[in-house]
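There are 2 protein chains.
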Amino acid sequence: MSQATELLSLVSEEISHVEAKMRDGVSEQYTDLQAVVDYLVGAGGKRLRPALTLMAANFYPVDKEKSYALAASVELLHTATLVHDDLIDNALFRRGMPTLNTSWTPAATILTGDFLFARSAQLAAETDNVRIVNIFAQTLMTIVGGELHQLFNSGHGQVPTEAEYHQRIYAKTASLFAAGTETGGILCGAPESETEALRDYGHDLGIAFQIVDDILDFQGDEQTIGKPVANDLRQGIATLPVMLFNQKEPNHPTVLKAVRREPIPNEEIQALVREIRAACCLEASLAEARRFTNRAQAALDRLPDNAYRQAMHGLAGYVVTREL
Amino acid sequence: MSQATELLSLVSEEISHVEAKMRDGVSEQYTDLQAVVDYLVGAGGKRLRPALTLMAANFYPVDKEKSYALAASVELLHTATLVHDDLIDNALFRRGMPTLNTSWTPAATILTGDFLFARSAQLAAETDNVRIVNIFAQTLMTIVGGELHQLFNSGHGQVPTEAEYHQRIYAKTASLFAAGTETGGILCGAPESETEALRDYGHDLGIAFQIVDDILDFQGDEQTIGKPVANDLRQGIATLPVMLFNQKEPNHPTVLKAVRREPIPNEEIQALVREIRAACCLEASLAEARRFTNRAQAALDRLPDNAYRQAMHGLAGYVVTREL
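Residue numbers (the working numbering), protein chains in the order written: chain A, 235 to 558; chain B, 235 to 558.
Hints listed in this document are in silico derivations from the structure and should not be mistaken for laboratory results. One or more of the hints may lead you astray.
Said to hold, decoys possible - Partial list, derived from the structure: chain A residues whose beta carbon lies under 10 Å from chain B: (1) G347; (2) A359; (3) L382; (4) N387; (5) N500.
What the hints assert, rightly or not - Stretch-level coverage of chain A by chain B, calculated; a stretch enters the list once three of its residues show a Cβ under 8 Å from a Cβ in chain B: (6) 257-266; (7) 363-374.
For each residue, glycine too, the CB sits at the ideal point set by N, CA and C.
This is chain A alone, in the form it adopts within the complex (with noise of 0.2 Å):
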């Protein structure tokens, strides 16, 4: 047993209430569309999101049903964005399972990822809570408003600043992790300063999460990450370990020609990647990643002690181990 599958087993019986919760809700005659939802959340990985989504809303007593809906909520929203991102970037795969996109017509996958968009907030609202509706409503406005400004600013042609890295992750990853354990609080009826520490942790644990991926888009190969190397630079976008190896080497002739989404041979993208290696760029963007996880654990201390979080404090520690 991994070190995170028995952190996670704290919650791994809940989570699998959350899983029935994710396939529920499709109406009976929409055989096809069953089968793609059981397609999507059997290809599901880590649960990582909904169960830090269920370890905050146990602080306290809670209404076990709805903590299951609202960790369903958080997942269904991530797969969700996963399907229309996958079919925006044409991805093949996505956790070494093909993606819809690839048996599918473009339609059909746009409409799984509205009708998942469409579930997941009937299950946010299942809480009966507004603010946890809100919060849910904020957190996709913030998803896909950090998708469209990525596409609206490719003809940027920089390097990205440390401040728009942040917000570009931020967007990305750590506002629905910060969503899944706020919410998760208020939940339960935490007292406001604990559930502010649940936020930080998720915001903090994204962020690591996060320049985790970016340092792995580094070192995987197709068959582990299912996407190739550098898949990022590849696109035009510049991560951590670019960005500080743009520090030490300004100007690098292939960091401009990716920032300015010129075509780049493939055997100058490898180039480049063992430049950055070499330069111990994914070691400093891990130690950055470090930082944040240090900074969810100390949020962490804001909150009574207990299993749950003795678990978080555990997973902030494999964040930034897994497969690296």
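Based on the hints, put chain B in the right spot on chain A.
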């Protein structure tokens, strides 16, 4: 001033607040997105859905800001589905203006639709009423579920039954009309029986509205309605005029080809359209639409008499006369 404009004038000042809310909520840094939202809001039609929502919300004293948010939520939900539909259908015009997908990439169009869904959810949540948010989410599921059903059933290959047709136009149109008037009633605290009457009115009016839309598809030309004549049939969708024609002339070869989604030369479609018109199937369809506007008007009898009820009565009459 047309009849409809006169009837809608009762809420025209309120509609300007609704439009302001529709344009609102885009982060200041996203100037391109704001331009698109402004374009989409500016391209809006008669605002029948938000107007009906406002009228329903005005039966009892209501928090105006919340009723504007609710009406904006209804119209943005409608707009979001249109943005995705036009992309899916490769539509070039909507209300005589170029669609977003003609000038934008699919990626930007998908994400703009997602953003409008998110904003719409946020506006629904501004009512601070979980029952309203629930109806909102259920309606989005109904709309998208209906579209998916249509997509999956493309191999069905038969003229739909009356029940199938009603289910389709409920999902496509009546569900949102009904949601608008029902949530309007909920928001102003109308008694349950009156909220139900408001829902029934919205439902029946929506059914009539869609039947009339389906009739217009056999009447208008590209200039008037922004798409080619018999557009649905060209896509293999048999609507009420075709269903009624099929009762008179079962197994017409062109109808069979259409529902089997076989390619049909334009002249053959045109010839079928002439036959459908000659068989008085548009008149018979209109009679069916009138049956529903009569039902909608009858539902109003269960509500207190006031200027809004009178306008809603008149709008039901307008729906079956517009552009016919």
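Structure-based check of each hint:
1. Against a cut-off of 10 Å between C-beta atoms, the interface hint on G347(A) holds, since the closest Cβ of chain B lies about 8 Å away.
2. With a cut of 10 Å, the hint placing A359(A) at the interface with chain B holds, because the nearest CB-to-CB distance is about 5 Å.
3. Taking 10 Å as the C-beta cut-off, the interface hint given for L382(A) holds, the closest approach to chain B being about 5 Å.
4. Nearest Cβ of chain B to the Cβ of N387(A): about 9 Å, under the 10 Å cut. The hint holds.
5. For N500(A), the interface hint is violated, since its Cβ never comes within 10 Å of a Cβ in chain B; the closest pair sits about 23 Å apart.
6. Proximity of the stretch 257-266 of chain A to chain B, defined as three or more residues with a beta carbon under 8 Å from a beta carbon of that chain, is established by the 6 residues found.
7. Only residues whose C-beta sits within less than 8 Å of a C-beta in chain B count toward coverage, and the stretch 363-374 of chain A has 8 of them, enough to reach three; the restraint holds.
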